[in-house]
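Trainee: Fit chain Y to the supplied structure of chain C, relying on the hints for placement.
Listed here are the chains, written in short residue letters.
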Amino acid sequence: MTKDNEEENFMQRPTTRREFLKKSFEGAAGAAVSFSILNLFTDSAEAKGFELADGIVIVDPVKCTGCRRCETNCTAFNDGKAHPYISRIKVGQNYNFGKSGPTINYQNGNGHLGDFTIIGETCRQCESPRCINACPMDAIHVDEKTGARVINKDKCVGCGRCAVACPYDVPTVDPETEKSTKCTLCEGEPACAAGCPTGAIRYIAWEDVEHVLIERENLIENN
Amino acid sequence: MPQYKGWAGKILRVNLSSGSISTEKTAKYKDYIGGMGIGYRIMWNEVPENTDPFDEENKIIFAAGPLTGTGAPCTARTNITSLLPANPQNLIGDSHMGGHFSPEMKYAGYDAIVIEGKAPRPVWLKIEDGNVSLEDATKLWGQGIFDTTANVAGMMGKEAQVAAIGQAGENQVNLSTIMTSGNHSAGGHGGIMGSKNLKAIGIIGTQSVEYASDKKEWIELNEFVMSIIGANNQHVVPSTPQPWAEFHDSSSRWTAQEGLYWGAADEEVETGICPPEDTNKIGYRTMKAIKDLGAISEDYTVRMGGCQSCPIRCHSSVEVPELEKYGVSRYVSNTCMGFWNHYYVNQNAESEMDNFLNKTLGAQLADDYGLWFNYGQLGRDLKYAYDNGILKEVLPAEEYNDIPWDLYEKGDPQFLVDLYKRIAYQEGEISHLGDGAAQLAKRWNFGEDYWNDQTNSLWSPLGYPVHHANESNGQVGSLINLIFNRDPMCHSHQNFIGSGLPIKLQKEIASEIWGSEDAIDVPANYTPMNLAKARFAKWSLVRNVLHDSMTVCNWMFPLATSPLKERNYRGDTTLEAQYFSKATGMNVSEEELDEMGRRILTLHRAMTVKQMGEVDMRNEHDQIVDWVFDMDPDKEPFDPGTIKMDRDDMEKAKTMLYQELGWDPKTGAPTAETLDELGMQDVKRELANKNLLPYQA
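Residue numbers (our numbering), protein chains in the order written: chain C, 1 to 223; chain Y, 224 to 920.
With the rest of the complex left out, here is chain C (with noise of 0.2 Å):
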């Protein structure tokens, strides 16, 4: 096979099919983002802000291994069923190749397939949130006890506005509800966190954040 021709085949569709949705979705309503704008971590939109959460629930891309034992413990919790798609924690999407998807030089970039780096993605409750933001139904409220930014399932209607919106893909319709989905912080014991079994999942304190996720941007860039 020649250079051009792979290529061809590594670029014709190097995103997740939730990602690909989003993009058709973002074209069709002409509200695109521009993704370089954004902050490199929690992200703020222009509009008004919210009560903090109380932290945010990360994962460690040098201990993740990529069980993803994450995923089902994570819907086992909030809905009862393994559902990865729906996870609010997404470590599959990135599992063989990274957030890029498979390159020309697949072998060295992230992913099981590459360096062995595993990419988990998961919310970053914003201080202003893009998804709430963006709800045309007013779904999406700040928990009481947590602060986690979460949907009132009785107003949500599956639009997927918010996972248009949401720069780290997280918010992701229920293609068997009709319902959207995103990280409810499980009550302040994340489902995800607890059943991890190298400990790469870690419910952070708001006041850590930004540290931790510097040093993960940091991981993931070296590599």
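Since the hints were derived computationally from the structure, they do not count as laboratory data. Don't be surprised by glycine CBs; every beta carbon is placed ideally from N, CA and C. There may be inaccurate statements among the hints.
[Claimed, not checked] Pairwise CB distance ranges (calculated):
(1) Y/W467 x C/N133: 49 to 57 Å
(2) Y/T361 x C/D143: 32 to 40 Å
(3) C/D138 x Y/I244: 40 to 48 Å
(4) C/D138 x Y/G242: 46 to 54 Å
(5) Y/T361 x C/E187: 51 to 59 Å
(6) C/E144 x Y/I496: 38 to 46 Å
(7) Y/E247 x C/E176: 16 to 24 Å
(8) Y/E575 x C/L52: 50 to 58 Å
(9) C/E187 x Y/G495: 26 to 34 Å
(10) C/D154 x Y/G353: 28 to 36 Å
(11) C/D143 x Y/Y549: 52 to 60 Å
(12) Y/I496 x C/D54: 28 to 36 Å
(13) Y/E789 x C/D54: 30 to 38 Å
(14) C/L52 x Y/W467: 35 to 43 Å
Mentor: Showing chain Y alone in chain C's frame:
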């Protein structure tokens, strides 16, 4: 299967000849659970005996069971059933892989994928939930597995899980693999995909797998398993003294300890002290690299890895910059024989570094070409043929002189680069090393000494080696090594006797499960056959096929022991039944589920009888090569210090196992009564029509 959960409910059928894609309900196979059970039921029903493995009429079934995808620990196995090209009679068999493939298949809505026919040109199968299509694979044909996987994911989306063959499978090498996620290989059926012009299967699933029980019960059961699980192979004591541990055993795979690191991780990661109650450290318990790759590997270890849903991380992911000079990636991941196979090919290496490079380079090359090594046998076959001057006789001089034997003599890793390419591309006479041991022995006219020399490690005239046989509790391991049509992928017994617990405790637990402490012997200090051993062998086999049907990893389950002193080290053998009941909503007891396992094992036996056209399994199938009985000439069987077996005792052992399974004690074939009892009247009728029931002839 609307009334039951766990199962996805549908089976996907793809006919490559006609291009037709259809689904059918899983419900009709529910008595056979899933995985292996579905595979055998479809092969029995649909593939006539005397079919050649590479014929269009052969089928290949990728199947999982009701537990896969649920998130129950250790449930990501994929069971693949088809005829076995490397078996000299092409008898049916399974190959198995871990990874993330079968959970994704379940999330896409399928319990199994049945591949039929032969595509007119290379294709790959694309599955996105209900959208299934055959895609042109012309550009993929000829690529290795790693690039194929990346290309398919590039076309589908990065989250796709892919199973693919390499050049070995394309070229219909008998000893070839199907591989998923970089290093999870199923040995023996790569050539079947190749013969069908099917290069890869890519899956994206966005649906759920539901369980019948309420979530509280489900989560509690998972948490209970996390509390009694051990290390890899359910080793429940650490390998070195630990502050929390009453016992230790140097052979345990619970190797975590202070001062032992994932030495090539980007941050300091110490395996450290991992007491059983700290379930957030389960994944550190098994630092497998030092077991497979030696102490040298610690500094190269990036992390451990493994399958979806499994807290036990038994695969070693190592970064070896030195590999780049051989033209492969520095990042290698594998476990056990995935590394050791290459030690057996290149046995002359002397330095620890060369052995390390042979194992890691060999893994990288073999996983890309998709080569299988028949549980290490390929390397021993090469050594036998070389040492006995056979290669000089059978290889044309030009070919012989073209092979860098000087590198082989030194155990230089570069030799693998040369040899594996020849086998994968079927270049020259040497490539027949990939035919399988029995076919090779015939082609190259190996003498009786080949079969009967203990160092060659052969077990069966069917051409497979010892895999936890007479060295594993004497008659019990020996019996387990007789029943299948390849090396037994059975660890039920091995996990139990390898737990690391003192023999006194093992005997107590054995007594509770199999009725007598006599079920197990002190290693290499064997006693004659007895009923408890027959029960132990039956239990091991039945649980093995249950696991391959549910699908659960038999390298961890059954959890008959635990690391918990407060439980007096007892595990829980009811877990499979609890999981099956809670997942499906079909409430079964431990005994009832074991009977379902016996049904599947009996179908395997019936299929073997049908394919061989032979009732007398005892003498025509369940055979053991002579060294097992003739080794250690200065010792008698049952003397301390030998694993030598006794011929008469072994025949008695077969009789007792056959009886336990409800098979004819004389021939070892399923009886009409047993087939009725197991609800397999159609199998009985077909065997009766072919004069293949015991007492008929």
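Trainee: Compare the structure with the hints numbered earlier in the document and write down the numbers of the violated ones, lowest to highest.
Mentor: Checked against the structure, the only hint that fails is number 2, while the rest are satisfied.
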